[in-house]
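Engineer: If you want the building blocks of each chain, they are given just below.
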Amino acid sequence: MLQALYENIEQTVAVILFGIGFVILLLQRNLIRKIIGLNIMSTATYLFLASMGYIHGRKAPIVVDGVTQAIHYINPVPTGLVLTGIVVSVSFTGMMLALTVRLYRRYRTLDIDQIALMARQEEVE
Amino acid sequence: MSKRRSDWQNRPQERFVRWMREGYLALDEAIEDSVLQPGEAPPEVDPELAAQHQEAALQHRHDRDLALDRLAQYDLYAWTLTKGRRLIGRLHVLLSLLLGGMIIFFLLGTVAHMPRFGAADVPANNEVITRYIEQGLAETGATNMVAGMILDYRAFDTLGESTVLFIAACAVLILLRIDLDDKGQPTQQLIAEESDDRHYEPKNDRILQGTAILLTPILLLFGLYVILNGHLSPGGGFSGGAIVSSGLILYLNAFGFKKAGRFFSYKTFQWVSFGALGFYGVAKAYSFYCGANGLESHIPLGTPGAILSGGLIMPLNIAVGLVVACTMYIFYALFRKGGL
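Line order of the protein sequences matches chains A and B. Going by our numbering, the letters in the first sequence line up with residues 1 to 125, in that order. Going by our numbering, the letters in the second sequence line up with residues 1001 to 1340, in that order.
Read the hints as simulated data drawn from the structure, not as lab findings. Any given hint could turn out to be false.
[As the list claims (entries may be wrong)] With a cut-off of at most 25 Å between alpha-carbon atoms, the simulated DMTMM-like pairs for lysine to aspartate or glutamate come out as follows:
{"#": "1", "chain 1": "B", "residue 1": "K1083", "chain 2": "A", "residue 2": "D113"}
{"#": "2", "chain 1": "A", "residue 1": "K59", "chain 2": "B", "residue 2": "D1065"}
{"#": "3", "chain 1": "B", "residue 1": "K1083", "chain 2": "A", "residue 2": "D111"}
{"#": "4", "chain 1": "B", "residue 1": "K1337", "chain 2": "A", "residue 2": "D111"}
{"#": "5", "chain 1": "A", "residue 1": "K59", "chain 2": "B", "residue 2": "E1134"}
[To be verified] One side of the interface only, derived from the structure: several residues of chain B facing chain A at Cβ under 8 Å:
{"#": "6", "residue": "M1020"}
{"#": "7", "residue": "S1096"}
{"#": "8", "residue": "L1107"}
{"#": "9", "residue": "I1133"}
{"#": "10", "residue": "T1143"}
{"#": "11", "residue": "N1144"}
{"#": "12", "residue": "L1159"}
{"#": "13", "residue": "E1161"}
{"#": "14", "residue": "L1175"}
Idealized CB from N, CA, C, for every residue including glycine.
Construct all of the structure, not just a fragment, from the sequences and the given hints.
Structural biologist: Structural data, given as structure tokens:
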């Protein structure tokens, strides 16, 4: 198993990064750190996808000198999927940071527990 | 043996109870009931007084039970505020680490059984990929197969991406835009917050301005090159748009919002984003309509490798680049100052 993990070192690192991001998401109370954890998770996904598309000894999928045999190029689909992922990640990061700014302006703290507590108190009042 | 027996106060159970109600033992002792000492003869009393006493004793017992109940409740409450909170926090940390560890463990097990990195005969390399690579040049006219794929075979996906970006920009605009009062002036509180931010803004920083004068044209040119060459070389609308927006943001940082506002306002954002997305939708609708009905498309593919080739890919790249540049710039402006 260790041999297999070492041969798939890219995927192994991606999986470990994913787990680290997930634990950060669960453990950190600071909203900014939660967002960073989510971004680490998405970065791990990109690494995983990009490593899935690679094939030893082949070139990037840009046609050179009219060679169009599939045997000369790597898989272009995961590259496109990573592009989609990056765009979505940028969008949700911007959105969540905006929400965080609004929360900070209202409650003057970034601690999610305190924000929840204050929100509940406001509800009671 | 005796040592062990004398150690009963340190049994785990006792220790747990003491740990739970640490600091409240004094209260507990205050409510101790007075009892008759053994060997003491009960004194003679007349029955009326005895009945009264009995009633008083009952009352007393009732009060004591009530007080003990309250004490227990208060104990629990205090416990949830201090030690319980810590305990639950530790439990949370433990469970989170356990969950993360389990996710990593099971995913690692999956990774160990996956095809080797870089192998050619993986299931992901199926006939779709072969078709994209072998027919891509003839069908899309783009030498960059990734561009050909995302802007021709999977153009609908890219339209969705651009729309996601546009919607994210709109949402941030709604969330962060400085609110205006009835007369169209920013409210007093927000002006105060604004002046805080201005504190950190460099005013006429010579070094920054010199760098911006030097770098902004280069960044804009490079971004345009990446966008326009998207179908021939690595790059495309998304990366090129990000480079263009970084040039715009550098200019904004060096010269302030007043000068940047001359070429970029809400109107620019609206019309450029709307125009680019609208053009994208109409162009792709045309090509989907033709393709689905077997009609001949009137868009020339050109010779592969020339700058004017690839059919719709270059215009679509430009549209995507405009949307991305606008979105990034407006993200920055809104987070910085809450407006343009």
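Engineer: Each hint needs a verdict: does it hold in this structure or not?
Structural biologist: Against the structure, the hints come out as follows:
The suggested pairing of B/K1083 with A/D113 holds, with an alpha-carbon distance near 17 Å, which does not exceed 25 Å. This hinted pair does not check out: A/K59 and B/D1065 have alpha carbons roughly 83 Å apart, beyond 25 Å. At roughly 20 Å between alpha-carbon atoms, B/K1083 and A/D111 fall within 25 Å of each other, so this suggested pair holds. Proximity of B/K1337 to A/D111 is assessed by CA-CA distance (about 23 Å); at most 25 Å being required, the pair is judged to hold.
Between the alpha carbons of A/K59 and B/E1134 the distance comes to roughly 14 Å, so the proposed pair stays at or under 25 Å and holds. With 8 Å as the threshold, the beta carbon of B/M1020 stays out of range of chain A, its nearest partner Cβ sitting at about 24 Å, so the hint is violated. At about 4 Å, the closest approach between the beta carbon of B/S1096 and any beta carbon in chain A falls short of 8 Å, and the interface hint on this residue holds. With 8 Å as the threshold, the beta carbon of B/L1107 comes within range of chain A, its nearest partner Cβ sitting at about 4 Å, so the hint holds.
Hint status for B/I1133: holds, given a least beta-carbon distance of 4 Å to chain A, under 8 Å. Interface hint status for B/T1143: upheld, as the beta-carbon distance to the closest one in chain A is roughly 4 Å, under 8 Å. Annotation: interface hint on B/N1144 holds; nearest CB of chain A at approximately 5 Å, less than 8 Å. Annotation: B/L1159 was flagged as interfacial toward chain A, and the flag is violated, the nearest CB pair being 11 Å apart, outside 8 Å.
At its closest, the beta carbon of B/E1161 sits 5 Å from a beta carbon of chain A; the interface hint therefore holds under the 8 Å criterion. Hint on B/L1175 holds. Least Cβ distance to chain A is approximately 4 Å, under the 8 Å limit.
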